[in-house]
Amino acid sequence: DAGVIQSPRHEVTEMGQEVTLRCKPISGHNSLFWYRQTMMRGLELLIYFNNNVPIDDSGMPEDRFSAKMPNASFSTLKIQPSEPRDSAVYFCASSIQAGGPHEQYFGPGTRLTVT
Amino acid sequence: SQQGEEDPQALSIQEGENATMNCSYKTSINNLQWYRQNSGRGLVHLILIRSNEREKHSGRLRVTLDTSKKSSSLLITASRAADTASYFCATDDAGNMLTFGGGTRLMVKP
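In order, the protein sequences belong to chains Y and H.
Start counting the first sequence at 14; every next residue gets the next number (this note's numbering).
Start counting the second sequence at 83; every next residue gets the next number (this note's numbering).
These are calculated hints, taken from the structure and not from any lab test.
Just so you know, these numbers come straight off a predicted model, no measurement behind them.
Ideal Cβ positions, reconstructed from N, Cα and C, are used throughout, including at glycine.
Any given hint could turn out to be false.
[Said to hold, decoys possible] Residues on chain H that point at chain Y, a partial pick, calculated with CB under 8 Å: (1) N112; (2) M179; (3) G184.
[Said to hold, decoys possible] Across the chosen pairs, the derived CB separations fall in these ranges: (4) Y:G112 <-> H:K108: 22 to 32 Å; (5) Y:T89 <-> H:K108: 30 to 40 Å; (6) Y:M28 <-> H:G98: 45 to 55 Å.
[Claimed, not checked] Beyond 12 Å from chain H on every Cβ pair, some chain Y residues (computed): (7) S40; (8) S79; (9) P83.
Working from the sequences, and respecting the hints, build out all of it.
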C-alpha cells in the first residue's frame, strides 16, 4: 500500500500566483481531509469530502481557497491568489467511513512558501 | 478553536524514563485518538480509545480516558530516542471529523 500521496512536496511561489496542491488517497478510502499546519495555529481542518462530496468546508479561510474531488482517487486544493500568510504545511488525509470509529492516514504534506 | 489541549507543550526526558502527556477537551466525544508526528512528516495514528473505555494498551503505550473530567493521558514506558516526536490528541464527536490539539513536543535524550 503506497499510503496517501501528495504533490508537490515543496512549493515556493510569489504572492499573487496560483498554487495547486494534489492528493491521492489510499485506495478504498471514502473520506478525504485537507489540513493546514502552522506554528501559530496548529493543525486546522480546512475541508473534508465523503464519497467525493464536500461535507464541511467551514475551515476554508476565504474565497481564495477552493478544493475539488473529481473522483475517488484524486483531490486538489487551490489557492488563488496566494499570499505570504498562506505559507504552511498542507496535509491530506484519508479514512474509511463505515459507521464506526475511524483513524485517519496522513500524507507527507506539502510545504508551501509564499514570498 | 481547538477541542483538545495537550499538556505539557514540551517534555524532555532521558532514554528509559516514562513520558506522560495529557489532553483535555471540551465537548462530548465518541472516541479520542493519539497521533505522533516526526519532524517534517505527516501524522501517524497510534491508538484509539472509545468513550466507553477507560484504559487501553498497545505495546509501550498506555492511554487512559476520563470522560467525567474530559481528559486523557498517553503514557510511553521505557522511552527510546526514536520516540522523539510531537504527540497530538484528536477528538471524534461522531461527526466524522477529528479536532486536533496543539501537541506535546517530546524529546528523549540518549
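Now for the hints, and whether the structure bears them out:
no. : hint                          : in the structure
1   : N112                          : holds (7 Å)
2   : M179                          : holds (6 Å)
3   : G184                          : holds (5 Å)
4   : Y:G112 <-> H:K108: 22 to 32 Å : holds (25 Å)
5   : Y:T89 <-> H:K108: 30 to 40 Å  : holds (33 Å)
6   : Y:M28 <-> H:G98: 45 to 55 Å   : holds (49 Å)
7   : S40                           : holds (18 Å)
8   : S79                           : holds (19 Å)
9   : P83                           : holds (21 Å)
Checked against the numbered hints given earlier, the structure satisfies every one of them.
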